[in-house]
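The task is simple: from the sequences and hints, build the whole structure.
There are 2 protein chains.
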Amino acid sequence: MADDALIVFTPSGRRGRFPVGTPVLEAARALGVDIDSVCGGRGLCGRCQVELCEGGFAKHGVHSRADHLSPRGDTEFGWELRRGPLGTGRRLGCAATLLGDVVVDVPPESQVHRQIVRKRPEVVDIALDPIIRLYFVEVQQPDMHVPTSDLRRLKDALQYEWHIAGLASDVRVMQQVQEALRQGSWQVTVAVYDDERIIAVWPGLHEKVYGIAVDVGSTTIAAHLCDLQTGEVVASAGRMNPQIRFGEDLMSRVSYIMMNPGGDAEMTAAVREALSTLAQELAGEAGIGVGAIVEATIVGNPIMQSLVFGINPVELGGAPFALATDEAIDGLWATEIDLAIHPNARVYGLPCIAGHVGADAAAVILSETPYLGEELMLIVDVGTNAEIVLGNRHRLLAASSPTGPAFEGAQISSGQRAAKGAVERVRIDPATLEPRFKVIGSGRWSDQPGFDRTIARVGVSGICGSGIIEAIAELFLAGVINHEGVVNGSLAARTPRVVPDGRTFAYILYEDASCSIRITQNDIRAVQLAKGALYAGIRLLMEHFGTEQVDRIRLAGAFGAHIDVKYAMILGLIPDCRLEHVTSAGNAAGTGARIALLSRKARREIEEVVRGVQKVETATEPRFQEHFVDAMAIPHKSDPFPRLRAVVALPAPTASGHALGRGQGRRQRRRA
Amino acid sequence: MADDALIVFTPSGRRGRFPVGTPVLEAARALGVDIDSVCGGRGLCGRCQVELCEGGFAKHGVHSRADHLSPRGDTEFGWELRRGPLGTGRRLGCAATLLGDVVVDVPPESQVHRQIVRKRPEVVDIALDPIIRLYFVEVQQPDMHVPTSDLRRLKDALQYEWHIAGLASDVRVMQQVQEALRQGSWQVTVAVYDDERIIAVWPGLHEKVYGIAVDVGSTTIAAHLCDLQTGEVVASAGRMNPQIRFGEDLMSRVSYIMMNPGGDAEMTAAVREALSTLAQELAGEAGIGVGAIVEATIVGNPIMQSLVFGINPVELGGAPFALATDEAIDGLWATEIDLAIHPNARVYGLPCIAGHVGADAAAVILSETPYLGEELMLIVDVGTNAEIVLGNRHRLLAASSPTGPAFEGAQISSGQRAAKGAVERVRIDPATLEPRFKVIGSGRWSDQPGFDRTIARVGVSGICGSGIIEAIAELFLAGVINHEGVVNGSLAARTPRVVPDGRTFAYILYEDASCSIRITQNDIRAVQLAKGALYAGIRLLMEHFGTEQVDRIRLAGAFGAHIDVKYAMILGLIPDCRLEHVTSAGNAAGTGARIALLSRKARREIEEVVRGVQKVETATEPRFQEHFVDAMAIPHKSDPFPRLRAVVALPAPTASGHALGRGQGRRQRRRA
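Protein chains in written order, with the working numbering: chain A, 27 to 698; chain B, 27 to 698.
No lab work stands behind these hints, which were simulated from the structure alone.
Wrong hints could be hidden among the right ones.
All copies of an identical chain are treated as equivalent in the list; a pair is satisfied when it fits inside any one copy or across any two copies.
Unchecked claim - Straight line, CA to CA, 25 Å or less: simulated SDA-like cross-link-like pairs of lysine to any residue:
no., residue 1, residue 2
1, 446, 627
2, 234, 264
3, 641, 182
4, 627, 153
5, 641, 170
6, 627, 191
7, 627, 192
8, 627, 193
Note that the structure is predicted; figures quoted are calculated from it, not measured.
Set out below in structure tokens:
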């Protein structure tokens, strides 16, 4: 035992005795400690860095001293020369050998399965577990006396050095392996996919590979470039979906395909080209070549997802809205979708859930993980269709509701997209009925000093989705409109802001020489229809779930990020809930795509979760129409909203609400 | 039991009792009887045909009567209307139901795993077991109330009707499935690859799929089109390898690549284009579309195999002759090698064995199955390199020997390829030293009546490989040349056929106004060098195996088919063996490719066999040179050839043989 030394690893607590002279990395591997290495212990990659913990550790029965590890030698000096100094107290696990008892810490960045830091503390962190891993090996040179193929000897080396056996190989690796071996002087790095297949080979030590997580929206395509070995986002970019030239919204694009044979191929080509351009942009931003990107995950609504993967989405344009597939698209060569990244890269498409509930919704579920907790979570992702998910670890329901584009500022008389010059915040004084507001591009409220200068600079050009919601909610709180959404024309006598507008009345929010922003009766109706559809969808899911209330509401996407959740609830977009439990989920679809990129366990998890999701089809549910009619009122015909009322003074319902809601409901039904 | 009936199937002998009214096909499946069906028992495909055996079968305890099966009904009449009459006594297994005890025969053509008929009775037949199978299913239409994807419902149908679960799908199937389902009114046929992946889908019932087995030679590419459901060859075709424009033989092509960067890609493109053209030609001949071809197997020497699969063969051009891979290339999309057959088709490349021993040799092994028997088999495939395999079920050795092109008629003064006008058979009268011969394109010997008319028609243009071998062997038997291959100049006095030729002598085989065919001393030397190399390779393998004799010799390829094996042995190309045990294996490489096409078990078998083959590298074996020197003599310096002598009167050895062989050996060494 005199020649043995005890080593204790933190944070894992794994421990064991090894002969003096054993490298720390070797001890770690023997004990199954989670420690990274690409070069296989050759002092090249520096991934196996550890920290010696000095002192006496009664708990471990160890007195750990700096001189219980071998002094720094050529390997570490050489590494520092090439890479810069190792951090204080840092050693290369492959170079430092045991001389006596030690406690050694494996810092997070040296762990293979380190946690990907998440924004929300209540959610279980995702452990980094990329499906593609790199292995550096030294391969025996060919010998005429023992004729074996280069690939065979490469696999032998993988088995000998890394204990990985039975790997298959892409034909493209077979095409590249000989040149790589010779260029790398019989040292190469291979990328192994899912522990079963060699998909790429580079000469020498190749330490960095990247992946992109792409959220293909109808309007915008957003992508993150991630380092597959740290999980870090190294660049993000977005660009317009070029399919917009075929139609602004999804249905007009499907119509284009119906009218133009081959239109689907045109749109597929357009979106694929945009993906390649995005990849190029991300790589440029990160200062890498696109060839370093070896994987991509893709999410989108069912129509976008279909088009990216070359599936004609025409069936999604009409009942019964049949998906081609509700499975994940797994391990596809990127070249198969013309994605110009590493030629052997793989693509993973998250599964779609139903004809209206896409892979983006699956990604939101993966990001928000409602399936893990007891808490009943409602997730709403608002676009032209709202995708709604409700449930907990016992059961998960999903639906889509046709809200139309009003929440995005479309179909509103002074509406516009959320861009510079758009009114985004509105407050109305209940006494004077005078408004104050904020404009995108300015930090000031309209009643603050210096606002005029802002106006001169950015201009006021219209009102965006969040602005119209706040405006209508504030008008309701101020009594300018009633529960039925009718503008009270009698107020025209009290304030010049209320003016006749045909047979109804409008409220003038802002007016200057070049721009007039009015909230008209039609605008209010459009928002009522949209929020009625959204609320009805939510109600339907709650009814299917058998619940009257939800514990937590997460608003996903740009809408959820911009909106003030209080106003969303005052207007009755979402059901009653404790306000502090209603929060924005940010770009949850993008986050879900990123999680799938970094964790193969997460892929298997979401595939399984999606199979179990109960789909509720709003279009065929008679109860949807009933809920819709009731939800036209502000905030709702019958729901009392007790939690909201506890913090906001809502006006009492008026008697006529019922009749008006009905009338609107019929109109909507005729339209549908 | 009154309502049960006994059914006995032949040839399997499986038996069971089933309720009266059970269809024969259902009973067969329940009993695990090997019976085909694509349509799943709908009376559409007619593959489940059976024959009722009438009479009493004491052995089975059955009295089988025609009226113990239900009478013919609409299904069978309908089938006959569409497809023509069922054979006498034939019934559709899915339509005929049990009324009483019966014995029912499943004819070979109704069995899934029927035997592929082989030419040689001593070899185990290969059972048809294509890796791609067709399944017809009726798929539920989509229902808005139960939203599932089209592919999901298709898979449910496969599970319900065929009990196949857990299938993956090509993304290309996802792209095609919706249109196919709707075109086929919710009936489709799918192609399932290796029981695990749907690779193609057709609307309605699709009964015929084909595969091509391709042998890519340096000079010629040959291919067979096979019906994957019957195993039958429906068309065969061959064409020149267009790579010939880059160099006549393998080494000059590799040189081209070394001199011209990108030359490998040029050659790859050329050979791939030829493969597509061949596929087109085969499809045309069979009257099908290329889209009906869903699989291809490919064999070739290491350089050809590399080029087809896009692997630069430059490493094979010099020592240590390292292969990129010695694994099979499995399940590759045909589009990946630009092969224009069904766009979702798969390609299988047999494994290469060593740098000089290719997938064609693996195919020969698969065809000849030396690994199954006790008999020690020698297989020789002669081309510019001779590939040599020796062994039995205990051990298998392979080598390649650089014979050069003399056996193909090249480097011979009057040599030419085996084509019309070439002398292919030669006999020389030992008394008169007068020759008689046969020319390709004529059925007559030169001393038969009417030969002159033949000459007028086909002409005599040169001598091909088999002709030169017979000529030299006959000259040896007639004493015109001795054991050392020296033309006896003193015979010039006896016959005008022996004439001076520089410092040596030549034998005039034929002469007319336009053509003179002489066998010169240099020609004889060229053949001696070639046969010396071949024999030395064989000897080396025998030595490694530890044997002095072989039980059976199989000559593969065109050379083996054209040559008279007796002359090959007289000349000493191959070791002594009972003449009736030396036979042509025909195009064994092509046969092996065809077997791999039709049987996935055969693929796994040859992959395993190839892994176990012991490679012997002739270039590095000092003993090779020794054997080579000894083998320069005719038939050999020291081997007594007792079995040959038992049937052929060989001249006695001369004393000077030794020295001459040595000299030639040194010359050869300097060249190498």
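Results for each hint:
no.	hint	verdict
1	446 <-> 627	neither (41 Å within a copy, 67 Å between copies)
2	234 <-> 264	within (23 Å within a copy, 48 Å between copies)
3	641 <-> 182	between (49 Å within a copy, 18 Å between copies)
4	627 <-> 153	within (9 Å within a copy, 41 Å between copies)
5	641 <-> 170	between (63 Å within a copy, 10 Å between copies)
6	627 <-> 191	both (21 Å within a copy, 23 Å between copies)
7	627 <-> 192	both (21 Å within a copy, 19 Å between copies)
8	627 <-> 193	both (20 Å within a copy, 21 Å between copies)
Of the numbered hints stated above, the single one contradicted by the structure is hint 1.
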